[in-house]
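Add chain B to chain A, keeping to what the hints say.
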Amino acid sequence: MTDPTSETSGEMSDNRAIRWSYMDHWRSAGPAGPIDQWHDRASMSTFLKQLKAAGFDAIDTFDFRFWQILGDYGSVANYQDFVQQHGLERIVNTFHAADYDVRNYAPHVPETHAAILEDFRLTMDRWSGIRLDNIIVMPATLYYDMEPVTPDKIKTTADLWNQVGELTLQWGVKLTCHHEFFCGIQSQPDLDLFYASSDPRYVNLFVDTAQHCIASVDPVDFYRSYADRVTGFHFKDTRNVDVGGDFRHRPDAEIMAPTTDKWFYEMGTDEGLVDFEAMMRAIRDNLYRGWITVEHDKANKSGGDYAESTAISRWYAANVLSRIYA
Amino acid sequence: MSIRRAYALDQWKPQFDDFVRRRDHERALKTIAVAGFSGVQLSSGSGRWAPLGNPDQIVANFGSLPAFSDFVRACALDGVAAYSVDLGQAFHEDLRGGADPGAPADRETVLARATWFADALAAWECQTIVVRPAPSGAAGAADEAGIDAMADCWNAVGEVTAQRGVRTVLRFDFLSSLRLDDGWDRLLEAVDPRYVGVAIDTGELAAAGRDPLAELARGGPPVEHVVLSNALQADELNEFTRPGAEFSVRQSGGERRIGRWFGELEQPGLVDAEQFLRALDAVGYDGWVVVNTAPSPHPATSALLSGYHLHRTLDPLVRSSR
Chain A
0 MTDPTSETSG EMSDNRAIRW SYMDHWRSAG PAGPIDQWHD RASMSTFLKQ
50 LKAAGFDAID TFDFRFWQIL GDYGSVANYQ DFVQQHGLER IVNTFHAADY
100 DVRNYAPHVP ETHAAILEDF RLTMDRWSGI RLDNIIVMPA TLYYDMEPVT
150 PDKIKTTADL WNQVGELTLQ WGVKLTCHHE FFCGIQSQPD LDLFYASSDP
200 RYVNLFVDTA QHCIASVDPV DFYRSYADRV TGFHFKDTRN VDVGGDFRHR
250 PDAEIMAPTT DKWFYEMGTD EGLVDFEAMM RAIRDNLYRG WITVEHDKAN
300 KSGGDYAEST AISRWYAANV LSRIYA
Chain B
0 MSIRRAYALD QWKPQFDDFV RRRDHERALK TIAVAGFSGV QLSSGSGRWA
50 PLGNPDQIVA NFGSLPAFSD FVRACALDGV AAYSVDLGQA FHEDLRGGAD
100 PGAPADRETV LARATWFADA LAAWECQTIV VRPAPSGAAG AADEAGIDAM
150 ADCWNAVGEV TAQRGVRTVL RFDFLSSLRL DDGWDRLLEA VDPRYVGVAI
200 DTGELAAAGR DPLAELARGG PPVEHVVLSN ALQADELNEF TRPGAEFSVR
250 QSGGERRIGR WFGELEQPGL VDAEQFLRAL DAVGYDGWVV VNTAPSPHPA
300 TSALLSGYHL HRTLDPLVRS SR
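Going line by line, the protein sequences match chains A and B. Quick note on numbering: numbering that gives the first Met the number 0 labels position 21 of the first sequence as 20, and the sequence is numbered without any gaps. Quick note on numbering: numbering that gives the first Met the number 0 labels position 273 of the second sequence as 272, and the sequence is numbered without any gaps.
A hint or two may mislead.
[To be verified] Cross-link-like lysine to any residue pairs, in silico, SDA-like; alpha carbons within 20 Å at most: (1) A:297 x A:112; (2) A:297 x A:257; (3) A:173 x A:17; (4) A:300 x B:297; (5) A:300 x B:23; (6) A:297 x A:268; (7) A:297 x B:297; (8) A:300 x B:22; (9) A:154 x A:112; (10) A:173 x A:199; (11) A:297 x A:251; (12) A:261 x A:242; (13) A:300 x A:34; (14) A:173 x A:227; (15) A:300 x B:296.
In short, the hints are calculated from the structure, not lab data.
Isolated chain A (complex conformation):
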């Protein structure tokens, strides 16, 4: 557990290069089956206590939680106060999990851009009550909704995110891109074209170690190539590479792929494919200072337990990765 004095010290008085946040996927057992921490304040409190006990400094969240936050806490700022009452520093990033639809919300379809921009104006305004570092997006639709993935579609997509990134900076928040293995821009050539086509002032990269690994993109090499554009990480592991085209599986690849019951795992186990120590050395070599977010969505699938996965991943961060760079 972190030193209790950290509860009052805050980021500004702390010289650590790396701080650890937790992406707030969670399930626990309720009396009538699984619940998440948004069930009520008591379940949220139990969730936050466990993160604090494990030594996390902060949390990330999804901005679609806005309405639950409004209902349960009154405002985003009030919710962050609740988080801070448990000894955590703040909410660092929010993930904008849009419901992509080529009819009205598709980055490669120019006719939908106005609606997307308006969505971000609204979202940024809703979250303006707190300081956020990043708003994270999957920058393309599902792969099958974008294919054939052409250079023109990638450039159109980049044009949109240039505009969105310029817009979010008006609220002091960086737009950063997180490439799911099943999204339209996930292969190395397409990633390279996307980052060549987008403006580094407005479009940043959020490296999810597992997603790139599944898509046969080495996350360490990828990070080293684009380190100057990286504004955050999801440290997450996988045990499977998609070698059979699951990334284009309809209607869903993430939890319905016939080949793989569970794509994502907590880091810090022998079975994982991601080389986190190499990743940490790369982060050190590039003098990155800031937040690393731990994520293991769907940890409860196939008999898993979120609390245990969270403890194991945090143990690994504290006892292995922090010895490389902290």
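Just chain B now, kept in the frame of chain A:
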């Protein structure tokens, strides 16, 4: 006050075929470590499906006693805080069956087992063996001769373990036959504090209708070990005298079908953990506090919540007593 924090592994092994793989042990120990604890308390068991249950099984699984200690430290713990042992249980390893500490004929068996465990603890530089002083309530009340025999047995055990640098402490539990005819109080008056100390288990005492704070304040053998647990229910029906109470009462909940006799420290229950820690501070307690939340349906959650609770309650006490 100098308190070292440990966690009991009991909650990870609800059944004899659970918690047998190395991977399970590793994940449990890492969870304990990251939750802010520095030690682990083992519990006795027998047979090859109890890999951490006794020295023979530990050697069979890890190759040697020091290798197990290395394994614990590799999980970022300082080491083993204590072994909680029922020397009266049947062990396949010595083929001796059950033993009654109050029966002089069983003395040799109890002493041999105490030596067996104490040698392991000494190899780990662990200084505490926590023993169950008497069988469950179905055994009936001990008369004066029985209490004297029991005291003689534990004095002898304490002397033997002390020769190996290991202190013997008696832990009362809510199924104990010592609940009958003030057996626990009479035993503590009869034992020799030179050889025997006391382990307070707050939840077990509360479940038996006893006050842990009063136990801390009483004279007699010194309190040298603490198990911090929270009883959610007391055995109001005195079911501790039922045959097989370990299963029908402790595990199955007895007639009232109690789901969990013991819960999280922060749950409303019969133990005020914060108040008890303040009392420990007041008496200048110097030793291990072992949190035990068994049985728990979600061990990792219980460990993390316990870590948080101690962080919020114990840390301010430690800071104020520096």
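Hints versus structure:
1. Annotation: proposed proximity of residue 297 (chain A) to residue 112 (chain A) is violated, straight-line Cα distance about 31 Å (limit 20 Å).
2. For the hint pairing residue 297 (chain A) with residue 257 (chain A), the CA-to-CA distance comes to about 16 Å; that is within 20 Å, so the pair holds.
3. Between residue 173 (chain A) and residue 17 (chain A) the CA atoms are separated by roughly 18 Å; this keeps the pair inside 20 Å, and the hint holds.
4. Using a Cα cut-off of 20 Å, the hinted pair residue 300 (chain A) and residue 297 (chain B) holds, with the two alpha carbons roughly 15 Å apart.
5. Distance hint between residue 300 (chain A) and residue 23 (chain B) is fulfilled; the C-alpha atoms sit about 18 Å from each other, no more than 20 Å.
6. Using a Cα cut-off of 20 Å, the hinted pair residue 297 (chain A) and residue 268 (chain A) holds, with the two alpha carbons roughly 16 Å apart.
7. Note on residue 297 (chain A) and residue 297 (chain B): the hinted pairing holds, with a Cα-Cα distance of about 17 Å set against a maximum of 20 Å.
8. For the proposed pair residue 300 (chain A) and residue 22 (chain B), the alpha carbon gap of about 18 Å is at most 20 Å, so the pair holds.
9. Of the pairs offered as hints, the one joining residue 154 (chain A) and residue 112 (chain A) holds, with about 13 Å between alpha carbons and a cut-off of 20 Å not exceeded.
10. Proposed proximity of residue 173 (chain A) and residue 199 (chain A) is supported: the alpha carbons are some 11 Å apart, at most 20 Å.
11. Among the hinted pairs, residue 297 (chain A) with residue 251 (chain A) is consistent with the structure: their alpha-carbon atoms are about 15 Å apart, no more than 20 Å.
12. In summary, the hint linking residue 261 (chain A) to residue 242 (chain A) is supported, as the alpha carbons are separated by about 15 Å, within the 20 Å threshold.
13. For the proposed pair residue 300 (chain A) and residue 34 (chain A), the alpha carbon gap of about 14 Å is at most 20 Å, so the pair holds.
14. Of the pairs offered as hints, the one joining residue 173 (chain A) and residue 227 (chain A) holds, with about 14 Å between alpha carbons and a cut-off of 20 Å not exceeded.
15. A hinted pair counts as satisfied when its Cα atoms are at most 20 Å apart, and residue 300 (chain A) with residue 296 (chain B) qualifies at roughly 17 Å.
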